[in-house]
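Asks: Chain order of the listed sequences is L and S.
In terms of our numbering, the first sequence is numbered consecutively and its last residue is 177.
In terms of our numbering, the second sequence is numbered consecutively and its last residue is 788.
Hints are supplied without guarantee of correctness; some may be wrong.
Claimed, not checked - In the BS3-like style, the derived pairs of lysine-lysine whose C-alpha atoms are separated by at most 25 Å in a straight line are:
hint, chain 1, residue 1, chain 2, residue 2
1, L, K97, L, K145
2, L, K97, L, K110
3, S, K757, L, K72
4, L, K91, L, K62
5, L, K62, S, K522
6, L, K110, L, K91
7, L, K66, S, K535
8, S, K740, S, K757
9, S, K361, S, K598
10, S, K740, S, K598
11, L, K80, L, K145
12, S, K598, L, K62
Said to hold, decoys possible - Sample of chain S residues at the chain L side, in silico, Cβ under 7 Å:
hint, residue
13, P349
14, V403
15, G407
16, Y408
17, A415
18, P416
19, H418
20, P530
Think of the hints as simulated: they come from the structure by calculation, not from any bench.
Just so it is clear, CB atoms sit at the ideal spot from N, CA and C, and this is done for glycine as well.
Each chain, letter by letter, is given below.
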Amino acid sequence: MRHVLVALVQDEPGMLARMGNLFARRGYNVESFTAGASELPGVTRITIVVDGSSTALDQIAKQFRKLVGALKVADVTSDKDQLAHEMLLVKVGVTAKTRQEVVSLADLFKARIVDVSTTTLLLEATGEPDKLDKLLEVLRPFGIKEQARTGAVFIGRGAGVLNQRARSASDQKYLAE
Amino acid sequence: MTASLGASPVKQSDRRKALTRAGGAGMVPSTFLVLVIDAERPEGGTARAMRHTGAEVVWECLTREGVDVVWAYPGGAALPIFDALAKYPQIHYVLVRHEQAAAHAADGYARATGKVGVCVATSGPGATNLVTGIATAMLDSVPMVAITAQVADSVIGTDAFQEINITGITLPITKHNYLVRQSKDLVRTMREAFFLARTGRPGPVLVDLPKDILTAPCELHYPERVSRPGYHPVVRAAPYHAQRAAQAIADAKHPVVLAGHGVHVATAWEELRRFAERINAPVVSTLLGLSALSADHPLCLGMAGMHGVAWANLAIQNADLLIALGMRMDDRFTGSLRHFAPQAKLLHVDIDPAEIGKRVPAAIPMVGDVRFVLEALTTAVPELDHREWLAQIDAWRERHPLAVHASGPLPPQEVIRALHKVTAGEGVIVSDVGQHQMWVAQHYRFRRLNSFFTSGGLGTMGYSLPAALGVQAGHPSQPVWVVVGDGSFQMNLQELATVAQERLPIKTVIMDNGYLGMVRQWQELFHGARYIGTPISGPDFVQLAASFGIAAQRVTATAELAKAFAVARDSGGPYLLDCKVQQDENVYPMVQPGTSNADFVEDPRGRAQEP
């Protein structure tokens, strides 16, 4: 089953290797792994989409929490009210004849055209991974020259936030150093 | 001896005091307990600002952490560390003969004292030689700080002479590791390394120090407190679980307590005894849980598992409640999981949440320090009586006794029995890995608490002699006994030189059968008795010992054992006994891989003798 883990980790050398080691050790297939700055200074937010049984993922989450520098690890797979968005950059081959057709498809998917050459269009789209899959599907007949996807990032709707604990006074003090 | 070691004996009471101080403050939230320990270190918190080199700061930090002995091997990049040592005569430095031994010695010291063991090695091969010792400590949750020198920061990443990425190599076998790249991070890193090594579930921490950091000036502001965001080991279990646990214990008809290494780590020996007595339940040990309860205690059943005693395995297989304390349901202990304790509910206590439910689902999970959990449980449960259940176990013990059926001149089991006699069960024993290890576990009846040290999880051959260097430093007032096979001994026999140089009264007992015995046993049972790669020759061990200046003698018959052991015990210094034991002896009982622990195979010669 497909699981989504969201984690807050300290931004320090070796952290990425430690996380990679954790997944590689048990041979999990990581579908996507996304890292970026969180709202806390010095804290990176990681989103991992991975395939595995629930017991296996429970064990992974527990081992993940044991990494020194991991502040919060949550399996958000079953969270109903959440947003999962991804960004896609895709270079589509066009001719004078097909260019307008691709532009209208981009419009339909609310994708932006960020670069134009005589033979290609570069599209930027964001949204649910499924939506991006569909966009790629309709573009495929024109010839996809190159594509880059960020992997999805997840965030819950409403006022709740993933991590309260990392905002405790002692943690903030440490992070400020 | 004591003077040459420079290490003071750590009394159990001192060790307990340190922990009580940490846990005694009832008003402090449990997540902060670990911080309190550190804040109250007598030498912690001095915020002197003096000019030191990085290397001096390393020793200053070690001194503040209470370190008075390190096992080390010098080298090019590590030169500044060794040069600075001249200013710290209070730290006893033991030159081992191979870095692996430094790691095992630090490990043995940590297991024997509960303090953090420290080993030091140079960059490159010095660091990689530590790897097996670090992994051994990782698998057995032993607090250790390994300090490695590194090439200068400016040449890191250029494949410089003796450069290796040791933080990368040890990433999966350390609790955490550091490469210090700026002088300003050195003190905090050292502080954190010790904090992480000893708190929560203990483990090895490696600190890699580039040579230029060691020589550069470095400020010494030793932080009073250390805090790692997100690192909050739970010490006390939630009361909700204690109530459920107490109910399950009260309801159980056939409870069995499983004592693991966590009982030693938590110094919970007294609490274990009181708890077991209160609920009148038998106590089974894992390999590393041996000596958690005196073998003389009527509730002590000994070790279960692949080579566990029959009655302990039968108790588990017929139990309706298992109370697992600080153990991780290792496959050598459980046998086939599908058949493991089929009627039992599991109450699992461990400080590491990841161990609970990892192999066996726990009906009642209790995350916490074994000592605090046992204290809470003992007050929450009524006094119970399980005399029928205990009588049943006694009947199993009578039907499947642990007998010696070997008929040769020197059965290996008799060597362990003789060791037991000569030490009255009060010996401090370090065993290696293999058949002899299992015979120690079965036939030595540990009366002294926390007196058995061996590599359990990793099963590291060559562990015992170097580990004994550290165990002896933790127990300076009495000799340490090493029980080792001729194969294991030849993996690290160079440490006899360290034993001789340090004049340590380590008594080495070689169970010499000319085979890698445990592997030979498996070849006999599962590979058509094709003994490939297992017959092993060796030097004349008595002459070898003599060449190191160590007294030794050979034993070839059971009748000679008592006298030889007495001579070894009473000799003031190191001693070596080369026991030429029966070559083809097997360890019984044995649970074959993939089968139930109830289906143990007993010594066929025992059956033949029955009428």
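Asks: Now tell me, hint by hint, if it's right for this structure.
Replies: Going down the list of hints, with the structure as the test:
1. K97(L) to K145(L): holds, 18 Å
2. K97(L) to K110(L): Holds, at about 22 Å.
3. K757(S) to K72(L): violated, 57 Å
4. K91(L) to K62(L): violated, 40 Å
5. K62(L) to K522(S): Satisfied, since the Cα-Cα distance of roughly 22 Å is no more than 25 Å.
6. K110(L) to K91(L): holds, 16 Å
7. K66(L) to K535(S): holds, 14 Å
8. K740(S) to K757(S): holds, 16 Å
9. K361(S) to K598(S): With a Cα-Cα distance of about 56 Å, the restraint between K361(S) and K598(S) is violated, given a limit of 25 Å.
10. K740(S) to K598(S): Given that 25 Å is the threshold and the Cα spacing comes to 11 Å, the pair holds.
11. K80(L) to K145(L): violated, 36 Å
12. K598(S) to K62(L): violated, 46 Å
13. P349: With a closest approach of 5 Å, the P349(S) hint holds.
14. V403: violated, 9 Å
15. G407: It holds, given that the least Cβ distance between G407(S) and chain L is near 4 Å, below 7 Å.
16. Y408: holds, 6 Å
17. A415: Violated. Min distance 17 Å.
18. P416: violated, 21 Å
19. H418: violated, 17 Å
20. P530: At about 5 Å, which falls below the 7 Å cut-off, the nearest Cβ of chain L leaves the hint on P530(S) intact, so it holds.
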